[in-house]
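Take the sequences, apply the hints, and build the full model.
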Amino acid sequence: MSEYERSRTMPAAPELVFDEVSDPDTLNRWLPVDLHAHVEDLPAVTVHEDRTGHDVRALFRARPDQLRAEWGTRDEGSYAGWLQVSGIGSGASEVIVHLSFFDEQHAPARDAVHASLDQSLERLAEQVRMRVDRAG
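If you read the sequence shown in this note's numbering, its first letter stands for residue 70, the second for the next number, and so on.
Just so you know, these hints were derived from the structure itself, not from any lab.
Please note that the accuracy of each hint is not assured.
Pair by pair, the computed Cβ-Cβ distance ranges are [stated by the list, open to error]:
hint : residue 1 : residue 2 : range
1    : Glu72     : Arg203    : 13 to 23 Å
2    : Gly146    : Ala106    : 16 to 26 Å
3    : Asp124    : Ala181    : 12 to 22 Å
4    : Glu118    : Glu74     : 18 to 28 Å
5    : His123    : Ala161    : 35 to 45 Å
6    : Asp202    : Gln174    : 38 to 48 Å
7    : Gln188    : Asp124    : 13 to 23 Å
8    : Asp202    : Glu145    : 39 to 49 Å
9    : Gln135    : Glu191    : 16 to 26 Å
10   : Arg77     : Phe171    : 22 to 32 Å
11   : Gly158    : Ala113    : 30 to 40 Å
12   : Asp110    : Glu145    : 17 to 27 Å
13   : Ala204    : Ala178    : 32 to 42 Å
This one's a predicted model, so the numbers in the text were calculated from it and none came from an experiment.
Note that beta-carbon positions come from the ideal geometry of N, C-alpha and C, so glycine has one too.
As structure tokens, this is what we get:
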């Protein structure tokens, strides 16, 4: 099993950040650019991965009471992940994203996963910034 984790602070309240994370209509705005989620009937989603050209049946669940989102594959159980939003005071948040790949033979390279996680957090930060700008 391979596990990866990255974090980033964001200058916004945790509830605002989580609203962006948990909205199924905005998933593709912050996922890595090579992943495309098609929301079906939540928690069911299909994820297309450009790298492999495959569609994967997956699940996406938002847990508002915990400011947490969780996801993973539906059928083969090859990966799972979660994203946790926490308030760190002064209207700022910390976002931690974690991925677990259960099949070592099909896990992407560590550098590629870290780059995708960093890209995803950067895209999320931009979406949050735009939301704050609209609200303010």
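Glu118 paired with Glu74, Cβ distance criterion 18 to 28 Å: Taking Cβ atoms as reference, Glu118 and Glu74 lie about 20 Å apart, which means the hint holds.
Does 16 to 26 Å hold as the CB distance between Gly146 and Ala106, or does it fail? holds (18 Å)
Honestly, do Asp110 and Glu145 meet the 17 to 27 Å range at C-beta? Given a distance of about 20 Å, which is inside 17 to 27 Å, the answer is holds.
Is 13 to 23 Å a correct range for the gap between the Cβ atoms of Gln188 and Asp124? For Asp124 against Gln188, whose Cβ atoms are near 21 Å apart, the range 13 to 23 Å holds.
Between Arg77 and Phe171, does the C-beta distance stay in 22 to 32 Å? holds (25 Å)
Is it true that Gln135 and Glu191 lie within 16 to 26 Å of each other by Cβ? holds (24 Å)
Between Ala204 and Ala178, is the Cβ distance one that fits in 32 to 42 Å? Given about 39 Å between the Cβ atoms, the range holds.
Could you see if the CB distance from Glu72 to Arg203 stays within 13 to 23 Å? This hint is violated: roughly 36 Å between Cβ atoms.
For Gly158 and Ala113, compare the CB-CB distance with the range 30 to 40 Å and indicate the outcome. Given about 37 Å between the Cβ atoms, the range holds.
Looking only at beta-carbon atoms, does the pair Asp124, Ala181 fall within the given range of 12 to 22 Å? At roughly 20 Å between Cβ atoms, Ala181 and Asp124 fall inside 12 to 22 Å, so the hint holds.
CB-CB spacing for Ala161 and His123 relative to the 35 to 45 Å hint: holds (38 Å)
How does the Cβ-Cβ distance of Asp202 and Glu145 compare with 39 to 49 Å: does it lie in that range? holds (41 Å)
In summary, the one numbered hint that this structure violates is 1.
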